[in-house]
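Peer 1: Using the sequences plus the hints, can you model the full thing?
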Amino acid sequence: MSIEQFIDNEVKSNDVVLFMKGTPQFPQCGFSGQVVQILDHIGVGYKGLNVLESAELRNGIKVYSNWPTIPQLYVKGEFVGGCDIIREMFQAGELQQLFADKGIPVDVAA
Amino acid sequence: MSTKDAIINKLREAFLPESLDVIDESHLHEGHAGHRPGGETHFRVYIVSPAFEGKSRIERHRMINATLAAELAGSVHALALHPHAPGEKPR
Chain B
321 MSIEQFIDNE VKSNDVVLFM KGTPQFPQCG FSGQVVQILD HIGVGYKGLN
371 VLESAELRNG IKVYSNWPTI PQLYVKGEFV GGCDIIREMF QAGELQQLFA
421 DKGIPVDVAA
Chain F
171 MSTKDAIINK LREAFLPESL DVIDESHLHE GHAGHRPGGE THFRVYIVSP
221 AFEGKSRIER HRMINATLAA ELAGSVHALA LHPHAPGEKP R
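Chains B and F supply the protein sequences, listed in that same order.
My numbering puts the first residue of the first sequence at 321, with every later residue one more than the last.
My numbering puts the first residue of the second sequence at 171, with every later residue one more than the last.
Mixed in with the good hints there might be a few duds.
Stated by the list, open to error - Below, simulated SDA-like cross-link-like pairs (lysine to any residue); rule was C-alpha separation at most 25 Å, straight line:
{"no.": "1", "chain 1": "B", "residue 1": "Lys341", "chain 2": "F", "residue 2": "Ser245"}
{"no.": "2", "chain 1": "F", "residue 1": "Lys225", "chain 2": "B", "residue 2": "Thr389"}
{"no.": "3", "chain 1": "F", "residue 1": "Lys225", "chain 2": "F", "residue 2": "Gly209"}
{"no.": "4", "chain 1": "F", "residue 1": "Lys180", "chain 2": "B", "residue 2": "Lys341"}
{"no.": "5", "chain 1": "B", "residue 1": "Lys341", "chain 2": "F", "residue 2": "Arg232"}
{"no.": "6", "chain 1": "B", "residue 1": "Lys341", "chain 2": "F", "residue 2": "Glu229"}
{"no.": "7", "chain 1": "B", "residue 1": "Lys382", "chain 2": "F", "residue 2": "Ser189"}
{"no.": "8", "chain 1": "B", "residue 1": "Lys396", "chain 2": "F", "residue 2": "Lys225"}
{"no.": "9", "chain 1": "F", "residue 1": "Lys259", "chain 2": "F", "residue 2": "His247"}
{"no.": "10", "chain 1": "F", "residue 1": "Lys174", "chain 2": "B", "residue 2": "Lys367"}
{"no.": "11", "chain 1": "B", "residue 1": "Lys382", "chain 2": "F", "residue 2": "Gly209"}
{"no.": "12", "chain 1": "B", "residue 1": "Lys382", "chain 2": "F", "residue 2": "Val215"}
{"no.": "13", "chain 1": "B", "residue 1": "Lys341", "chain 2": "F", "residue 2": "Ala184"}
{"no.": "14", "chain 1": "F", "residue 1": "Lys180", "chain 2": "B", "residue 2": "Lys396"}
{"no.": "15", "chain 1": "B", "residue 1": "Lys332", "chain 2": "F", "residue 2": "Glu229"}
{"no.": "16", "chain 1": "B", "residue 1": "Lys332", "chain 2": "B", "residue 2": "Tyr384"}
{"no.": "17", "chain 1": "F", "residue 1": "Lys174", "chain 2": "B", "residue 2": "Gly350"}
{"no.": "18", "chain 1": "B", "residue 1": "Lys341", "chain 2": "F", "residue 2": "Leu242"}
{"no.": "19", "chain 1": "B", "residue 1": "Lys422", "chain 2": "B", "residue 2": "Glu376"}
{"no.": "20", "chain 1": "B", "residue 1": "Lys382", "chain 2": "F", "residue 2": "Lys259"}
{"no.": "21", "chain 1": "F", "residue 1": "Lys259", "chain 2": "B", "residue 2": "Lys341"}
{"no.": "22", "chain 1": "B", "residue 1": "Lys367", "chain 2": "F", "residue 2": "Ala250"}
{"no.": "23", "chain 1": "B", "residue 1": "Lys382", "chain 2": "F", "residue 2": "Glu195"}
{"no.": "24", "chain 1": "B", "residue 1": "Lys341", "chain 2": "F", "residue 2": "Ala239"}
Because the hints were derived from the structure by calculation, they are not lab data.
Peer 2: Structure, rendered in structure tokens:
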């Protein structure tokens with residue numbers, strides 16, 4: 321399987337995927353860590369993929385998304401944005417709305 | 171020319187911004203992966219330009235990323251972007 325096929329499969333078979341540096345439990349970059357905090361705060365389930373474990377994945381996701389930086393958030397196979405965009409959307413309530421519109425369950429108690 | 175000046179020149183030329191502020195935040199990332207002695211690795215950009223009118227967040231970022239592709243492929247490790255069209259309330 322090529323890296324493009326791997327990424328394509330990941331973003332299409334998981335509702336929410338975060339390409340990040342480090343893991344959700346132990347982010348290794350402040351920008352990735354900010355997105356982890358936002359997703360955890362909203363209480364949405366997601367799959368974290370650590371690009372530091374694979375140079376092929378790290379380069380592959382940049383090409384796949386045509387986006388030069390990490391982190392990158394995908395929802396239902398669609399690229400939503402990087403750290404700045406995710407934070408702006410969260411602050412405006414748009415990220416929560418996106419999950420609602422896509423029918424992705426969140427922990428409302430969070 | 172410093173990387174910061176190169177970023178400023180390219181953004182000015184591409185977007186004719188009403189306002190532009192490029193901040194070198196490299197000192198905030200000392201010891202962190204991506205930091206290099208001498209700085210110029212982490213930047214934050216505030217830019218207001220009519221070019222962003224009617225564009226989505228992703229489109230605005232893509233426009234800037236394309237303009238600064240050489241810098242992003244080179245020494246710039248992180249680029250935080252705050253693009254706005256004139257009259258928009260800063261988020």
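Peer 1: Take the hints in turn and mark each one as holding or not.
Peer 2: Okay, the hints, checked on the actual structure:
Restraint check for B:Lys341 and F:Ser245: the C-alpha separation of about 18 Å stays at or below 25 Å, so the hint holds. Between F:Lys225 and B:Thr389, the direct Cα distance comes to roughly 20 Å. Compliance with the 25 Å bound is thereby established for this hinted pair. In summary, the hint linking F:Lys225 to F:Gly209 is not supported, as the alpha carbons are separated by about 32 Å, beyond the 25 Å threshold. Taking the CA atoms of F:Lys180 and B:Lys341, the gap is near 29 Å; set against the 25 Å cutoff, the hint is violated.
Between the alpha carbons of B:Lys341 and F:Arg232 the distance comes to roughly 21 Å, so the proposed pair stays at or under 25 Å and holds. Proximity of B:Lys341 to F:Glu229 is assessed by CA-CA distance (about 24 Å); at most 25 Å being required, the pair is judged to hold. The suggested pairing of B:Lys382 with F:Ser189 is violated, with an alpha-carbon distance near 29 Å, which exceeds 25 Å. Under the criterion of a C-alpha separation no larger than 25 Å, the hint pairing B:Lys396 with F:Lys225 is consistent with the structure, at around 22 Å.
A C-alpha spacing of about 28 Å is found between F:Lys259 and F:His247, which places the hinted pair above 25 Å, so the restraint is violated. Taking the CA atoms of F:Lys174 and B:Lys367, the gap is about 36 Å. The hint is violated against a cut of 25 Å. Between B:Lys382 and F:Gly209 the alpha-carbon distance is near 24 Å, which keeps this suggested pair within the 25 Å criterion. About 21 Å separates the Cα atoms of B:Lys382 and F:Val215, which keeps this hinted pair within 25 Å; it holds.
Taking the CA atoms of B:Lys341 and F:Ala184, the gap is about 31 Å. The hint is violated against a cut of 25 Å. Among the hinted pairs, F:Lys180 with B:Lys396 is inconsistent with the structure: their alpha-carbon atoms are about 35 Å apart, more than 25 Å. Between the alpha carbons of B:Lys332 and F:Glu229 the distance comes to roughly 22 Å, so the proposed pair stays at or under 25 Å and holds. With a CA separation close to 13 Å, the supplied pair B:Lys332 and B:Tyr384 stays within the 25 Å bound.
Between F:Lys174 and B:Gly350 the CA atoms are separated by roughly 22 Å; this keeps the pair inside 25 Å, and the hint holds. For a cut-off of 25 Å, the pair hint linking B:Lys341 to F:Leu242 stands: about 17 Å separates their Cα positions. A distance of roughly 30 Å separates the Cα atoms of B:Lys422 and B:Glu376; the hinted pair therefore is violated under the 25 Å criterion. A C-alpha spacing of about 30 Å is found between B:Lys382 and F:Lys259, which places the hinted pair above 25 Å, so the restraint is violated.
For the hint linking F:Lys259 to B:Lys341, the alpha-carbon distance of about 31 Å lies beyond 25 Å, and the restraint is violated. Note on B:Lys367 and F:Ala250: the hinted pairing holds, with a Cα-Cα distance of about 24 Å set against a maximum of 25 Å. Restraint check: the Cα-Cα separation between B:Lys382 and F:Glu195 comes to about 23 Å, which is no more than 25 Å; the hinted pair holds. Distance check on the hinted pair: B:Lys341 and F:Ala239 sit about 21 Å apart at the alpha-carbon level, within 25 Å; holds.
Of the numbered hints listed earlier, those contradicted by the structure are 3, 4, 7, 9, 10, 13, 14, 19, 20 and 21.
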